[in-house]
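S.K.: Chains D and R, in that order, give the protein sequences. For the first sequence, our numbering begins at 1 and goes up steadily by one. For the second sequence, our numbering begins at 1001 and goes up steadily by one.
Please keep in mind that the hints were generated in silico from the structure rather than gathered at the bench. Where hints are given, some of them may not hold.
Unchecked claim - Covered by chain D, per the in silico footprint, the following chain R stretches (three or more residues, Cβ under 8 Å):
{"no.": "1", "stretch": "1045 to 1058"}
{"no.": "2", "stretch": "1079 to 1088"}
{"no.": "3", "stretch": "1317 to 1327"}
Glycine included, each C-beta is placed from N, C-alpha and C at the ideal position.
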Amino acid sequence: MAISKEIYKALEAVVGSEYISDDPVICEAYRSGPGGYENGLGYERVMTRIPGCVIMPKTTEDVQRIVKICYRNEIPYVPYSTGFYGPRSHPHIEDALLIDLKRMNDFVLDEKHFYVEVGPGMIYSPIQEECMRHGAYVVIGGGGAQASAIANLIGDGWSPLSHRICLPHRRILGTELVMPDGELLKLGSLATGDDPFWGEGPGPDLRGLLRGYTGVRGCLGIVTRMAIKTLPFQPERLVPTGISPNTALALPEKRVKWVNFIMQSKETQVKAMREIGRAEIGGAVTKVPLFWRAIAKAECKEEFWDIWGKENEQTVANFFIVRVLLIGYTSEEQMEYDERVLMDIMGELGGQARRTKPSDESWIKNADSAGMWLMCGGYVSVDYVIETLTQSTEHGPSYAEVKKQYTPPLMPDYGDPGWFQSFELGHEGYSEFLVYWDQDDDTNKVDQFYLDTSKMNIKNRYYTSLLGPHQPMYLTGPKYGPNYHEFMLKVKNEFDPKWRCHPPVPLAHDVFVERAPWMHYMKDWESPEDLPK
Amino acid sequence: MADEPIRYYKPRADFKLDITDIQNFVYDMSRCIKCKGCTWVDHTYMPGAKFMTRCPSATKYEFDAYGAYGKMRIGHAMAEGLLGWNEKALEVMYACTLCGACDVGCKRNLDLEIGLTLESLRVKAVQDGVGPLPAHKKLAENIAKTHNMYGAPHEKRTAWVTKGIAPDKKADVLYFVGCTASYVNKEIAQSTAKILKAAGTKFMLMPDEWCCGNTPFSVGLYDEAKALAQRNVEEVRKTGAKTLLLSCAEGYRMWKVDYPKLLNISTADLGFEVVHLVAYADEKIKSGALKMKKPFETRLTYHDSCSLSRLSDPWTPYEGKRGWMGCVEPRLKRRRGTQGLYMQPRDILKSIPGVNLVEMPRTRENAFCCGAGRGVQEAYPDFAKWAAAQRLEEVREVGAEALVSSCPWCKNNFAQAVKASGGDVQVLDISEVICASIEG
Chain D
1 MAISKEIYKA LEAVVGSEYI SDDPVICEAY RSGPGGYENG LGYERVMTRI PGCVIMPKTT
61 EDVQRIVKIC YRNEIPYVPY STGFYGPRSH PHIEDALLID LKRMNDFVLD EKHFYVEVGP
121 GMIYSPIQEE CMRHGAYVVI GGGGAQASAI ANLIGDGWSP LSHRICLPHR RILGTELVMP
181 DGELLKLGSL ATGDDPFWGE GPGPDLRGLL RGYTGVRGCL GIVTRMAIKT LPFQPERLVP
241 TGISPNTALA LPEKRVKWVN FIMQSKETQV KAMREIGRAE IGGAVTKVPL FWRAIAKAEC
301 KEEFWDIWGK ENEQTVANFF IVRVLLIGYT SEEQMEYDER VLMDIMGELG GQARRTKPSD
361 ESWIKNADSA GMWLMCGGYV SVDYVIETLT QSTEHGPSYA EVKKQYTPPL MPDYGDPGWF
421 QSFELGHEGY SEFLVYWDQD DDTNKVDQFY LDTSKMNIKN RYYTSLLGPH QPMYLTGPKY
481 GPNYHEFMLK VKNEFDPKWR CHPPVPLAHD VFVERAPWMH YMKDWESPED LPK
Chain R
1001 MADEPIRYYK PRADFKLDIT DIQNFVYDMS RCIKCKGCTW VDHTYMPGAK FMTRCPSATK
1061 YEFDAYGAYG KMRIGHAMAE GLLGWNEKAL EVMYACTLCG ACDVGCKRNL DLEIGLTLES
1121 LRVKAVQDGV GPLPAHKKLA ENIAKTHNMY GAPHEKRTAW VTKGIAPDKK ADVLYFVGCT
1181 ASYVNKEIAQ STAKILKAAG TKFMLMPDEW CCGNTPFSVG LYDEAKALAQ RNVEEVRKTG
1241 AKTLLLSCAE GYRMWKVDYP KLLNISTADL GFEVVHLVAY ADEKIKSGAL KMKKPFETRL
1301 TYHDSCSLSR LSDPWTPYEG KRGWMGCVEP RLKRRRGTQG LYMQPRDILK SIPGVNLVEM
1361 PRTRENAFCC GAGRGVQEAY PDFAKWAAAQ RLEEVREVGA EALVSSCPWC KNNFAQAVKA
1421 SGGDVQVLDI SEVICASIEG
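Next comes chain D alone, as it looks inside the complex (with noise of 0.2 Å):
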């Protein structure tokens, strides 16, 4: 239903009149594509839509008010950060009202207690500055420095950093939530005052709404104030250096360094990680994909496929680096003691360690996830998984393997097997697999290649982190619960019967596949015949 005159009164009365539109120009700017993430698939050209109208609110108690206009008048609505997420993040059906939420856009450092607190609007390298004036630092997540840090923790939340400062869902604290029908509810310490210092109770951890499988891109309501764990970090100043493009962070060495060493083989790769894990030291350990580094080295996009076309499949398949970034949290005795640690178990498995700049170009303030781009224009991270190092490791190939039969379009990546790293001190392993592609080719098979991925996975019986918010639960569900998408969906039912908030997600994708002819061929399992069509 479209909005009314009436309900556009009712709604400019909450922000005032600069606040909110619904002019087609304006409308046009919150088109999901035909750049960003996933774009040119199928899933953007097919399940998008131009808002019908876009307001700015500015406090929670103005999201409160426009979500019950909306509930109460049927106004099928999307909340909005940063827009960066592509497709997912955008109305998936006509006259929708788009909530843009940057205005959103409070800071509060609480020195004391090591947290801050923000809005949706906050993105996280202003974060990471003002935390590490105080000390302190968080993870700027991979989905990048210009990324809501609300939405990112939502979502995802990690980076090489991971290693060290622990999973995101352990650094969400107070936090609060509008609900689909406009009720706020306040979770953690939140619950019983002002103070968002605790994420657990009073009551049910409701956090797990948030994230996973359905939470996500906001169908279950809209965040409008988390408290985010800090930790403690290094006091010397991580200082700014070059001109744009080629700035990084001149880091102190004596208490802050990257090291890229060389290892022999996928074994002693890991090994050297689960290592390093074991004796605690390092604040990020990663393995990167080889054309990261073609990438970091290339000038302009012609460069990096004169860089990147000098590989081959043996260079790829023998390219064995694990950085590792060594942080003196306490001191620079400490630093070196870590050091010396760090050399022992690199002399021990044959690590040659290579010269390394003393400087940090991504992951500390800046996650550069905009240089994804570069080489071909499309983008998308098809799996993350956060399992064990061991099956980080096994699943790369796998991925390999499909990723064959697609390229092209897919770039030609020489069977690259991913990003992978060590969580949580090695408790956990990361991996996550990318893939690109010039949106100007037919993408039809690209998004075959993601579905074909979930078959994969059902079939090699992966766990991933993408089953329920990227792929059909109809697919996903009865393999890997038996019944989980049931209970999404009575999730959904219970706290937006109406289902007003991003619909049809969390049934997206399974929508998609049953309005592209090119993915017909490929549905082999049961859907209900009332999925909208």
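Position chain R against the provided structure of chain D, taking the given hints into account.
M.R.: Positioned in the frame of chain D, the structure of chain R alone reads:
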């Protein structure tokens, strides 16, 4: 094994960096990923929870439409014939200082030609009969009638030349004064002349100086700007000058970048070198020809004028093909704003005894535009004042007593904002600061 790079497809589309055809920039518009690198301060330099953005337009108007990421989507829809002009579209395209922050931000990662696309969209507005805005048309009429944007009498253009200032009839250096320093901020022209004299440099003026055409070019009046470019370049060539010196950042960009763009030549093919006063003075100070003697006991901060910094990389025409994965052939050397005059003005100020130079949170390629340029002050004066006020907050944040820039546009706009707010920050052009020190 693949010793040869794998290529699936052949090059397939001709394109050129020609802003008269928006189709040349469809690729760039269609590849914007909404990372907002165009809007945020480079994350490495992110100063904290205050002063996070470098795009005045996106910061003031807040809807996505006003950031480059929104303009790319709107422009793309227009280029594809899916969206037409309306009043809001004109505001989106013209309430923008074309300050180049978006362009250098994007080229940190993606190499999209954002700046040229925005210029091309304004040319398209004119081609489609909806642009420029009435205030811009008035200014263009002034230039056509009186050769200056203020509509002031042409014969008064050299009224700034007062006693003690004696341009030569013939010299290797030609000082192009520009409209603002000729008519409004004469102290800048006078200080520049004194600096040249102190350094022992003979200089001449154009026999008949006309407006550089910065605003007509900026608002999409391509043909009018091109005519001025042809006329002015020809006039300078006739004088035989080897160096064209400017004290106006906007003029510097016009001569160095946009005249070559309009004339489809390289900056190197102009036939003379284009130099801003800060580059000239910096060199003279470092060679000892210009001595900073008199102390200038002030805690001051420097504002990077956009056209002197991130917008001033030289121009080279480009025609090529875009092919597989969007790669272009032949290799395109992209203008990323790395050749801006960032250190020179700071070195000058540091060489002055007594100066305590402090940096604002947003500096160099991350600087927040003063808000005056590229047609904004004429059509959106409130926006121009707002942008200047934002910058003055930074000046106050670092406790500076004086704000120095290298462009009369910046000086004027800041001075008006200080006056409006009742503040006590002194606003100076760098030529005045240099002059104050050498006159000791």
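S.K.: A separate judgement is required for each hint: does it hold in the structure or not?
M.R.: Going through the hints against the structure:
1. 1045 to 1058: With 6 residues closer than 8 Å to chain D, the stretch 1045 to 1058 of chain R meets the three-residue bar; holds.
2. 1079 to 1088: That given contact holds, which follows from 3 residues of the stretch 1079 to 1088 of chain R lying within Cβ reach (below 8 Å) of chain D.
3. 1317 to 1327: holds (count 4)
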